[in-house]
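Using the sequences and the accompanying hints, generate a full structural model.
So the chains spell out like this:
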Amino acid sequence: MSVSKPLPHDSGHLHVQGTARYVDDIPSPQGTLHLAFGLSQIAHGRIAEIDLQPVRDAPGVVAVLEAGDLPHSNDVSPSVHDEPLLSGHSVHYVGQPVFLVVATSHLAARKAARMARIDYQPRDAILTIEEALDADARFEEGPRIWEKGDAEEAIDTAPHHVEGRIEMGGQEHFYLEGQAAMAWPQEGGDMLVMSSTQHPTEIQHKVAEAIGRPMHAVRVETRRMGGGFGGKESQGNALAVSCAVAARLTGKPCKMRYDRDDDMIITGKRHDFRIDYRAGFDSDGLLTGVDFIHYTRCGWAQDLSLPVADRAMLHSDNAYHLPAARIESHRLRTNTQSATAFRGFGGPQGMVGIERVMDHVAHELGLDPVLVRQRNFYAPASVLAQPASDVPKDNSPENNAEPPEAGVDLTSRGAVAASSQDAAVPNAGGAQTTPYGQPVEDFILHEMTESLMQSSDYAARRAKAAEWNAQNPILKRGIAMTPVKFGISFTLTHLNQAGALVHVYQDGSVHLNHGGTEMGQGLFLKVAQVAAARFGLPLEAVKITATDTAKVPNTSATAASSGSDLNGMAVKTACDEIAGRIAAHLAKLHQLPADAVTFAEGRVHVGEESYTFEEAAKLAYEARISLSATGFYKTPKVQWDRIKGQGRPFFYFAYGAAVSEVVIDTLTGEYRILRADILHDCGASLNPAIDIGQIEGGYVQGAGWLTTEELVWDDDGRLRTHAPSTYKIPAIGDVPEVFNVALWDGANREDTIYRSKAVGEPPFMLGISVLMALSDAVAACGTGYPALDAPATPERVLAAVQRVRDGV
Amino acid sequence: MQTNLTINGTPQRLELDPRTTLLDALRHHLGLTGSKKGCDHGQCGACTVMVNGRRINACLTLACMHDGDEVTTIEGIGQPDNLSPLQQAFVSEDGFQCGYCTPGQICSATAMLEEVRNGWPSHVTDDLDGGADLTTEEISERMSGNLCRCSAYPNIVEAIRKAAGENA
Numbered sequence: 001m002s003v004s005k006p007l008p009h010d011s012g013h014l015h016v017q018g019t020a021r022y023v024d025d026i027p028s029p030q031g032t033l034h035l036a037f038g039l040s041q042i043a044h045g046r047i048a049e050i051d052l053q054p055v056r057d058a059p060g061v062v063a064v065l066e067a068g069d070l071p072h073s074n075d076v077s078p079s080v081h082d083e084p085l086l087s088g089h090s091v092h093y094v095g096q097p098v099f100l101v102v103a104t105s106h107l108a109a110r111k112a113a114r115m116a117r118i119d120y121q122p123r124d125a126i127l128t129i130e131e132a133l134d135a136d137a138r139f140e141e142g143p144r145i146w147e148k149g150d151a152e153e154a155i156d157t158a159p160h161h162v163e164g165r166i167e168m169g170g171q172e173h174f175y176l177e178g179q180a181a182m183a184w185p186q187e188g189g190d191m192l193v194m195s196s197t198q199h200p201t202e203i204q205h206k207v208a209e210a211i212g213r214p215m216h217a218v219r220v221e222t223r224r225m226g227g228g229f230g231g232k233e234s235q236g237n238a239l240a241v242s243c244a245v246a247a248r249l250t251g252k253p254c255k256m257r258y259d260r261d262d263d264m265i266i267t268g269k270r271h272d273f274r275i276d277y278r279a280g281f282d283s284d285g286l287l288t289g290v291d292f293i294h295y296t297r298c299g300w301a302q303d304l305s306l307p308v309a310d311r312a313m314l315h316s317d318n319a320y321h322l323p324a325a326r327i328e329s330h331r332l333r334t335n336t337q338s339a340t341a342f343r344g345f346g347g348p349q350g351m352v353g354i355e356r357v358m359d360h361v362a363h364e365l366g367l368d369p370v371l372v373r374q375r376n377f378y379a380p381a382s383v384l385a386q387p388a389s390d391v392p393k394d395n396s397p398e399n400n401a402e403p404p405e406a407g408v409d410l411t412s413r414g415a416v417a418a419s420s421q422d423a424a425v426p427n428a429g430g431a432q433t434t435p436y437g438q439p440v441e442d443f444i445l446h447e448m449t450e451s452l453m454q455s456s457d458y459a460a461r462r463a464k465a466a467e468w469n470a471q472n473p474i475l476k477r478g479i480a481m482t483p484v485k486f487g488i489s490f491t492l493t494h495l496n497q498a499g500a501l502v503h504v505y506q507d508g509s510v511h512l513n514h515g516g517t518e519m520g521q522g523l524f525l526k527v528a529q530v531a532a533a534r535f536g537l538p539l540e541a542v543k544i545t546a547t548d549t550a551k552v553p554n555t556s557a558t559a560a561s562s563g564s565d566l567n568g569m570a571v572k573t574a575c576d577e578i579a580g581r582i583a584a585h586l587a588k589l590h591q592l593p594a595d596a597v598t599f600a601e602g603r604v605h606v607g608e609e610s611y612t613f614e615e616a617a618k619l620a621y622e623a624r625i626s627l628s629a630t631g632f633y634k635t636p637k638v639q640w641d642r643i644k645g646q647g648r649p650f651f652y653f654a655y656g657a658a659v660s661e662v663v664i665d666t667l668t669g670e671y672r673i674l675r676a677d678i679l680h681d682c683g684a685s686l687n688p689a690i691d692i693g694q695i696e697g698g699y700v701q702g703a704g705w706l707t708t709e710e711l712v713w714d715d716d717g718r719l720r721t722h723a724p725s726t727y728k729i730p731a732i733g734d735v736p737e738v739f740n741v742a743l744w745d746g747a748n749r750e751d752t753i754y755r756s757k758a759v760g761e762p763p764f765m766l767g768i769s770v771l772m773a774l775s776d777a778v779a780a781c782g783t784g785y786p787a788l789d790a791p792a793t794p795e796r797v798l799a800a801v802q803r804v805r806d807g808v
Numbered sequence: 001m002q003t004n005l006t007i008n009g010t011p012q013r014l015e016l017d018p019r020t021t022l023l024d025a026l027r028h029h030l031g032l033t034g035s036k037k038g039c040d041h042g043q044c045g046a047c048t049v050m051v052n053g054r055r056i057n058a059c060l061t062l063a064c065m066h067d068g069d070e071v072t073t074i075e076g077i078g079q080p081d082n083l084s085p086l087q088q089a090f091v092s093e094d095g096f097q098c099g100y101c102t103p104g105q106i107c108s109a110t111a112m113l114e115e116v117r118n119g120w121p122s123h124v125t126d127d128l129d130g131g132a133d134l135t136t137e138e139i140s141e142r143m144s145g146n147l148c149r150c151s152a153y154p155n156i157v158e159a160i161r162k163a164a165g166e167n168a
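Chains H and P, in that order, are what the protein sequence lines are. Residue 687 in our numbering is what sits at position 687 of the first sequence, and the numbering runs on without skipping anything. Residue 115 in our numbering is what sits at position 115 of the second sequence, and the numbering runs on without skipping anything.
It is worth saying that the hints were derived from the structure and are not from the lab. Incorrect hints may have been included.
DSS-like, lysine-lysine: derived pairs with alpha carbons at most 30 Å apart [stated by the list, open to error]:
1) K543/H - K5/H
2) K728/H - K162/P
3) K543/H - K644/H
4) K634/H - K551/H
5) K543/H - K464/H
6) K5/H - K162/P
Okay, here's the thing in structure tokens:
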């Protein structure tokens with residue numbers, strides 16, 4: 001059977017020959033026009049006067065559009081219509097698109113865009129957390145607050161306390177393929193769009209609004225992306241909409257791609273966070289209560305910031321049972337790029353908060369941080385009863401009588417503000433609950449951590465590092481283990497659905513389509529493995545095809561790690577429908593029950609008889625049996641009230657743990673990751689090779705976020721790190737010298753596709769162990785607590801070394 | 001201005017603006033889209049091609065500077081039914097995730113292995129005259145100009161090591 005095998009990536013042969021096509025590689029029809037934005041040069045203000053005549057006069061320019069020239073909707077927001085495609089008179093960040101140039105070449109468009117004469121009336125720009133708090137510039141009416149028990153009381157009455165603050169920077173996606181889109185006008189005003197997007201349905205929706213046509217007039221196709229990481233969930237809207245509007249206007253195909261600097265200046269990034277914390281605990285390090293205040297810079301528009309900030313709150317516990325907790329979250333409006341989805345979607349930031357608390361508690365008590373972490377873990381799944389059946393009371397959104405707000409793209413995570421459900425969660429097994437009331441029924445980190453402690457030889461290496469540090473005044477080593485418990489499901493419950501379309505042709509070949517998009521994570525391969533397994537066919541018999549809104553409608557973004565969970569199940573349903581029809585027919589021919597028909601090794605077995613799959617397909621065709629089916633899946637059990645912070649937002653949790661060892665140079669602050677040992681839970685893996693790749697890549701990307709990747713804005717709100725020359729993502733030499741990655745052997749407790757687990761985001765947070773290992777190394781320099789902020793650049797490490805030596 | 005290049009063994013006569021980069025000449029004028037534009041700054045390596053056998057960032061050099069030169073792109077390294085050992089190894093080791101950096105990685109690694117065969121030392125080579133063993137450190141140092149945002153690096157190292165072993 002094709003599932004569970006480490007099959008190589010389906011596009012591998014194309015990748016190594018350079019023939020795998022990305023949007024910018026699709027041959028453009030003759031006469032294709034190229035687009036570029038003219039960008040705001042100030043962070044906040046009004047445009048007093050704008051003279052675009054020099055732009056119009058520039059060579060190759062066909063048209064120049066301002067906000068007032070747009071024929072229909074001027075909106076590319078995935079949430080609350082607060083993000084115009086073109087700015088109009090008010091500008092809100094340096095890099096905001098002000099006007100659109102349509103020209104005969106990419107270069108001509110970009111050159112012309114720089115020739116505008118714009119007089120600005122600058123206003124005070126809100127750039128920092130303090131400025132936003134002073135101005136009360138925020139999304140939603142005030143901070144969101146969730147509480148479990150009386151945290152203040154629990155902290156105040158505890159024998160020990162820590163309090164502190166950690167700041168963590170944002171992160172540029174740096175998908176190696178920049179944003180790109182192309183639109184071809186079709187007959188009757190229809191539009192075909194090729195977009196490098198994680199969310200073709202949203203592109204379809206936004207394009208339809210912008211050209212004033214129903215969604216049926218717009219078809220969006222996405223074969224693959226050169227990386228997405230969340231940066232192509234909503235940030236591709238502006239390019240696709242621009243192309244469609246310009247194509248409608250000129251009647252010509254239009255194409256747009258951002259140059260790297262423009263991409264970094266225009267598009268949103270991971271949210272940076274400040275977390276203030278206060279915790280009470282006993283002398284064993286067992287927490288009695290925690291108080292977190294999250295401050296996040298959301299940028300100028302709402303985008304997906306509410307669910308991102310929610311997910312940060314939802315991961316404030318990570319793997320730890322918090323008897324009492326209070327979490328307050330401020331979603332601040334600043335005159336910077338509108339921060340957006342990025343692998344983990346706020347989860348990593350929330351998790352760094354509690355991991356810092358664990359580290360701080362252990363330092364305060366002089367205990368091994370691993371011990372403190374283990375003591376605070378949730379109770380193990382092994383002591384609990386089997387999972388409860390489906391929730392008795394159905395609060396799912398389909399039973400919501402409230403009509404949704406008009407014009408909201410319901411397939412966007414940004415629609416979260418429009419939705420809230422009553423959610424009471426049964427807890428049959430008596431499991432410990434998260435601060436938001438979800439029982440933790442599948443907790444396997446006790447066993448996983450124990451296993452990792454052994455395989456990584458943690459105890460001996462920790463002792464050795466201490467010995468080394470006692471003998472070496474300049475170089476200091478640090479070692480740390482951090483766990484991951486990551487919630488799997490879209491927190492906006494209705495997004496947890498997927499569709500598929502499967503055809504079997506008369507030669508027995510299979511055409512596979514579903515709503516998920518491929519960005520390198522191997523989704524297409526995993527889902528094709530499922531289809532092949534259902535028909536008992538080799539993988540080569542299944543044709544993987546581009547995501548296409550005309551084949552599967554109303555899809556959710558490929559996001560929240562949900563791609564294979566959702567689409568795999570939808571494809572399974574479709575395949576089983578067709579296989580069931582074939583089986584019924586063959587069973588009838590042989591006067592046997594349908595369950596006497598099996599599909600295996602390319603053949604269809606009927607009792608003692610056997611046909612090739614091709615013969616079976618032909619027989620079914622001749623008997624006038626439909627060999628095409630759609631499949632649909634919706635995740636069971638999930639329900640969530642985001643205002644109260646109560647419910648079961650997640651179908652299940654994915655787990656992992658990492659031990660990282662680093663060495664720092666206390667004279668320069670420079671460091672290296674010497675070794676990483678990872679044990680990660682993918683349930684019963686659909687493809688161990690793909691999953692290990694996701695784990696290695698996630699860990700390194702997470703470590704990059706917390707170490708070298710630093711975004712710097714100047715006092716005028718200009719992003720100064722807008723190219724790889726100044727913004728440093730991990731290179732090949734930044735991978736740990738020793739890198740051991742293993743999969744935890746165990747099936748998902750919940751009924752997912754072949755009992756596998758989602759793997760896209762969870763391993764990203766294994767990188768937190770690097771930050772904690774650096775903190776451990778710095779702590780070896782003195783008696784003070786390092787209080788290391790992120791990204792822990794060499795400068796920050798050096799400063800922390802100084803603080804620790806001074807005993808601050 | 002007129003520029004004569006031999007691309008993957010085929011002579012090409014191009015009429016180009018002298019400011020056209022080699023990368024744009026390949027992608028826009030010759031339709032060879034295997035070489036990717038990742039950053040256009042010579043920092044990411046996605047555009048790596050070989051000029052007279054040496055690897056070069058095609059985005060950082062002008063096409064007209066290479067009049068008479070032999071350029072090898074990813075399209076010229078192997079054929080669908082006859083992949084080079086490196087290409088085969090990248091497939092078998094999954095030396096990619098999204099694949100966007102892959103053409104550059106393979107062009108870079110092809111030239112890099114030739115540099116090693118010719119005894120060129122790198123920054124981390126101990127013996128400047130004695131040649132280098134292809135340790136992970138050597139491969140990492142020599143491939144440091146090719147970024148992979150998916151961080152498929154462990155598999156990239158494995159693929160290069162495998163291809164080098166087969167050639168040795």
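Right, here's what the structure says about each hint:
1. K543/H - K5/H: Holds - the C-alpha atoms of K5/H and K543/H are around 18 Å apart, at most 30 Å.
2. K728/H - K162/P: Between K728/H and K162/P the Cα gap is close to 29 Å, so the pair holds against 30 Å.
3. K543/H - K644/H: Given that 30 Å is the threshold and the Cα spacing comes to 46 Å, the pair is violated.
4. K634/H - K551/H: Satisfied, since the Cα-Cα distance of roughly 18 Å is no more than 30 Å.
5. K543/H - K464/H: violated (53 Å)
6. K5/H - K162/P: holds (21 Å)
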